[in-house]
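A.B. asks: Whole structure, please, built from the sequences with the hints as guidance.
These protein sequence lines map, in sequence, to chains A and B. Here my numbering is used: the first residue of the first sequence is 1, the next is one more, and so on. Here my numbering is used: the first residue of the second sequence is 492, the next is one more, and so on.
Calculated from the structure, these hints are not laboratory results. Quick reminder that beta carbons are idealized off the backbone N, C-alpha and C, glycines included. Be careful, since some hints might not be right.
[To be verified] No more than 25 Å apart at the CA atoms, straight line, and that leaves these computed lysine to any residue pairs for SDA-like: (1) B:Lys694 to A:Ala207; (2) B:Lys694 to A:Glu408; (3) B:Lys694 to A:Ala28; (4) B:Lys850 to B:Asn792; (5) B:Lys694 to A:Gly410; (6) B:Lys694 to A:Pro18; (7) B:Lys694 to A:Gly270.
[What the hints assert, rightly or not] Covered stretches of chain B (in silico footprint by chain A; criterion: 3 or more residues with CB under 8 Å from a CB of chain A, positions within the stretch not fixed): (8) 504-516; (9) 627-638.
[What the hints assert, rightly or not] Which chain B residues face chain A? A few, computed with CB under 7 Å, are given here: (10) Leu552; (11) Ala555; (12) Pro557; (13) Gly646; (14) Thr663; (15) Tyr774; (16) Ile782.
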Amino acid sequence: MIEHLPVLQIVIPLLGAPVCLLLRARGAVLVFATAVAWCTFAIALASIGIVLEQGEVVYALGGWVAPLGIEYRIDLLNAFVITVVSGVGAIVLPIGPGIHGHTVSASREYLYYAAFLLCMAGLLGVAITGDIFNVFVFLEISSLAAYTLVALGNQRRALRAAFSYLVMGTIGGTFVLIGIGFLYQMTGTLNMADLARLLPAVLDNRAVHAAFAFLLVGVGIKLAVFPLHQWLPNAYTYAPPAVSAFLAATATKVAYYLLLRLVFTIFGIGFVFGALGIAPLLQVISLAAMFIGALAAINQTDLKRLLAYSSVSQIGYMTLGLSFGSVAGLTGGLVHVANHALMKGGMFLAVACIVARTGTSAIADLRGLGRRMPATMAAFALGGLGLIGVPLTVGFISKWYLVLAAIEAGQMLLAFAILVSSLLAAVYVWRVVEVAWFQEPLQSAPHGEAPLRLLIPTWVLIGASLYFGVATDLTAGIAAQAAEQLLEVAR
Amino acid sequence: MTDAQLLGVAVGLPLAGTLGVIATGRRPNLREGVTLVVAVLTFASVLQLLPSVMAGARPALELATPFPGARLAFELEPLGMLYALVASGLWIVTSLYAIGYMRGHHEGHQTRFFAFFAVSIAAALGVAFSANLLTLFVFYELLTLCTYPLVTHRGTAEAIAGGRTYLGILLTTSVAFFLFAILWTGFVAGTLEFTPGGILEGKIAGTAAAVLLALYAFGIGKAALMPFHRWLPAAMVAPAPVSALLHAVAVVKAGVFSVLKIVVYVFGIDFLAEGDLSVWLMYVAAASILIASIIAVTRDNLKARLAYSTISQLGYIVLGAALATPAGVIGGGMHIAMHAMGKITLFFCAGAIDVALHKQKVSELDGIGRQMPFTMVAFAVASLSIIGIPPLGGSWSKWYLALGAADADRGFFVFVLMASSLLSIAYLMPIVGRAFFRPSTQGAAPEGPALKEAPLLCVVPLCLTAAGSVALFFLAPQIKALLAPLVGE
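C.D. replies: This is the structure in structure tokens:
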């Protein structure tokens with residue numbers, strides 16, 4: 001049983017989805033899907049325990065050994081990502097679609113859970129597999145499910161947002177596929193470990209350069225790295241808030257994982273930072289994302305769109321961490337995967353609470369909610385403090401590593417820029433705080449808190465973002481080990 | 492209880508008090524009882540630590556290790572002891588005063604007020620006890636955030652604008668400069684621990700060291716060194732007890748305390764003095780002292796005048812640190828206590844005048860000495876202490892600061908200190924003069940209402956702190972003995 005954990009990690013949510021279609025009944029589906037999600041999370045925790053204890057786990061699917069068969073390969077890096085994805089999924093899934101949207105009729109809620117589990121399975125699959133074509137397959141599974149989930153938003157504009165997400169996502173997927181095709185042509189293998197072994201011999205070849213370019217842009221679209229982020233603000237704004245919470249916390253994170261794999265495991269930093277020298281380019285793009293994303297967030301009038309642009313800005317921190325190619329930088333980028341998932345997931349859920357009670361997420365309509373919905377708004381504010389990077393929150397941990405990496409690299413101006421951009425977060429968070437606490441409530445403002453079904457997951461994520469701001473063994477500790485492993489492989 | 496446990500208790504008590512205040516929010520008398528009991532217990536636990544620190548012990552407590560090589564930990568040394576004593580001792584008096592003021596002034600949301608007040612004290616004690624730069628920074632930021640609701644307590648447009656300036660300047664300076672400086676220090680020195688003699692000697696030199704010092708000096712915005720002083724006048728929209736305890740004692744002293752601590756335990760005064768690294772800082776501090784004093788003279792709003800006076804007096808402490816001579820550091824450290832006692836009295840008086848007569852401007856204070864004799868006598872006593880006239884506490888710290896300037900062969904700064912004393916006479920004594928020697932403007936009734944003091948709970952605390960200024964004059968040798976290990980004596 002234990003040795004089959006890697007495949008169960010994917011099979012359980014993947015098969016759970018069609019079972020939802022068979023169950024149909026509202027309560028039964030909810031209980032079943034929740035059980036599946038938590039089961040997936042438990043497997044992830046078990047796997048990370050095993051990896052910490054025994055090192056890398058390799059699982060040959062169906063007993064066919066690579067490179068002929070597909071293998072799943074879990075090291076600390078993907079165990080970490082898998083834990084984040086399945087953990088957030090397990091916490092967000094039970095909220096369900098009905099609580100804030102009206103487009104999903106109660107009798108068809110089972111479709112939501114099915115799409116949710118498929119999305120989870122796809123994201124986990126991308127992270128766990130050691131086969132690059134398999135990556136593409138799972139990437140498409142997760143993306144198609146994500147388009148469906150976004151389209152469930154309660155405004156008609158959700159359909160347009162989902163459609164442009166689909167167009168952009170498909171372009172990204174196609175680029176990835178083309179890149180994989182070139183790699184296969186040059187090496188004759190699709191296994192990542194094999195690729196890493198065979199590629200150095202042909203690194204001078206133009207086809208390999210083209211493959212890297214296609215993969216970089218394709219993954220960049222999925223990651224919503226500036227300036228390929230155009231799909232993200234609309235998708236997160238019009239999706240049901242719980243879906244935004246899940247996608248913001250997981251989808252871009254898995255794309256980031258893929259980028260790390262490509263750069264450090266498959267192509268190697270010697271090629272990416274040495275021969276191609278893309279570190280300065282990455283830094284410029286990251287800085288642009290950090291500042292333009294934050295400035296855009298400051299100018300939003302809708303809370304969800306504000307958070308979406310904030311995500312664009314935070315993704316900049318992650319890619320910046322990658323660009324240093326050092327242990328501190330990678331630790332900062334990687335720990336921010338978990339930290340940002342907790343903060344942003346929690347904040348989107350707080351928005352879900354607000355939408356559930358007021359029906360709107362316009363910032364102007366938040367007036368006086370600090371008094372009417374104190375628990376919700378406190379959660380939002382604490383998450384916001386995390387985005388700013390105030391001590392005792394997870395944001396501080398990420399910022400610390402990133403600035404340290406910049407100083408270690410002797411790039412004092414860059415270190416200063418990271419700190420200044422985090423202050424921009426203070427501006428957009430404080431705009432919300434002032435409206436919520438210092439303005440008189442609207443006549444129509446609700447009395448009383450959001451339902452516990454929403455409030456509890458919100459506080460679980462926000463509480464975790466405070467806990468891991470002090471006790472960092474499980475986040476930064478593992479991220480640092482993963483970063484060291486990754487850099488060792490890359491050398 | 493061991494000393495280490497006492498450290499935890501001293502910070503934990505106000506936090507527990509916060510919960511107590513929230514739980515008893517519906518019953519104001521019980522709620523204020525909780526505050527007072529917690530304040531007394533907190534002071535008692537800090538006081539219990541004094542004998543061991545005087546005897547040379549350094550109680551320590553480990554909290555957590557968020558980064559490899561950088562821990563959250565407490566370690567109490569003499570300077571922290573002094574600051575902790577001042578902050579927790581004055582919290583008791585301020586709590587009494589706050590009860591009288593908040594009720595006399597009919598302020599709303601009093602539960603929130605007392606709750607955040609207690610958290611702020613916990614944060615201030617955390618700053619005092621910090622064993623390294625990381626811990627210092629964490630509690631420093633916490634102090635900024637949990638005083639924000641106190642500054643904006645009234646929720647008016649003015650309060651919100653003041654709150655923005657407050658948070659904007661304090662967060663910007665601390666994140667952009669202070670945190671940067673800490674990480675830089677960690678990178679070059681390999682440690683963030685406060686170590687007697689400093690951790691930077693031989694690790695960084697010349698311009699880089701001076702830039703690092705500048706990042707600290709300006710990054711610690713709470714020290715209100717010009718040009719990053721604007722938050723302090725902006726914070727004066729807060730209720731008087733907040734201005735008194737936080738913006739004359741806990742918050743601003745957290746700033747200058749951090750500067751002193753970094754000079755002594757991160758740079759080391761020998762390293763600073765040998766490299767002449769801090770000469771520029773002496774001039775910046777001197778400019779801050781003089782310019783703020785001159786602005787204070789021009790301010791008609793009483794609290795604004797006191798705020799600029801604070802900025803000027805904080806400059807003294809930064810100057811003492813920048814001089815990097817033993818007497819300068821002792822004088823700076825001593826001034827933390829002396830100025831705190833004097834300035835808190837002045838703010839108490841300003842609040843009492845506001846509660847009793849609803850007057851906020853200096854020009855309206857003619858003849859109020861007859862209506863509020865206790866308040867105005869206390870005001871006069873505290874003013875003399877700020878000016879630095881014996882037998883009041885302020886005279887000692889100025890003496891040591893002047894001595895420090897002379898030791899460093901920098902006569903110019905002795906002159907700056909004297910000029911600033913003259914300026915403080917110019918901005919404080921006219922208030923006393925108006926109150927006692929000018930006829931009342933209320934005119935109509937020749938005698939006026941005989942006595943119109945603020946509630947007893949306002950007047951008693953301010954008399955206590957005024958008496959405290961006198962007591963500190965006689966306690967100065969003990970304070971000097973406490974601080975002596977800082978400079979290796």
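A.B. asks: Please go over all the hints and tell whether each is borne out by the structure.
C.D. replies: Here is what the structure says about each hint:
Our distance criterion of 25 Å between C-alpha atoms is broken by Lys694 of chain B and Ala207 of chain A, whose separation comes to about 49 Å. With a CA separation close to 15 Å, the supplied pair Lys694 of chain B and Glu408 of chain A stays within the 25 Å bound. As the CA atoms of Lys694 of chain B and Ala28 of chain A are separated by approximately 66 Å, the hinted pair breaks the 25 Å bound. For the hint pairing Lys850 of chain B with Asn792 of chain B, the CA-to-CA distance comes to about 9 Å; that is within 25 Å, so the pair holds.
For the proposed pair Lys694 of chain B and Gly410 of chain A, the alpha carbon gap of about 15 Å is at most 25 Å, so the pair holds. Under the criterion of a C-alpha separation no larger than 25 Å, the hint pairing Lys694 of chain B with Pro18 of chain A is inconsistent with the structure, at around 64 Å. At most 25 Å may separate the alpha-carbon atoms for a hinted pair to count; Lys694 of chain B and Gly270 of chain A exceed this at roughly 32 Å. As drawn, the stretch 504-516 of chain B meets chain A at 0 residues by the rule of a beta-carbon pair under 8 Å; below three, the given contact is violated.
Only residues whose beta carbon comes within less than 8 Å of a beta carbon in chain A count, and the stretch 627-638 of chain B has 5; three or more means the coverage holds. Hint status for Leu552 of chain B: violated, given a least beta-carbon distance of 15 Å to chain A, over 7 Å. The closest approach between the C-beta of Ala555 of chain B and any C-beta of chain A is roughly 5 Å, which is under the 7 Å cut-off, so the hint is satisfied. Because the smallest distance between the Cβ of Pro557 of chain B and any Cβ of chain A comes to about 5 Å, under 7 Å, the interface hint for this residue holds.
Hint on Gly646 of chain B holds. Least Cβ distance to chain A is approximately 5 Å, under the 7 Å limit. Annotation: interface hint on Thr663 of chain B holds; nearest CB of chain A at approximately 6 Å, less than 7 Å. With 7 Å as the threshold, the beta carbon of Tyr774 of chain B stays out of range of chain A, its nearest partner Cβ sitting at about 25 Å, so the hint is violated. With 7 Å as the threshold, the beta carbon of Ile782 of chain B stays out of range of chain A, its nearest partner Cβ sitting at about 27 Å, so the hint is violated.
Hints 1, 3, 6, 7, 8, 10, 15, 16 from the list above are not met by this structure, while the remaining hints are.
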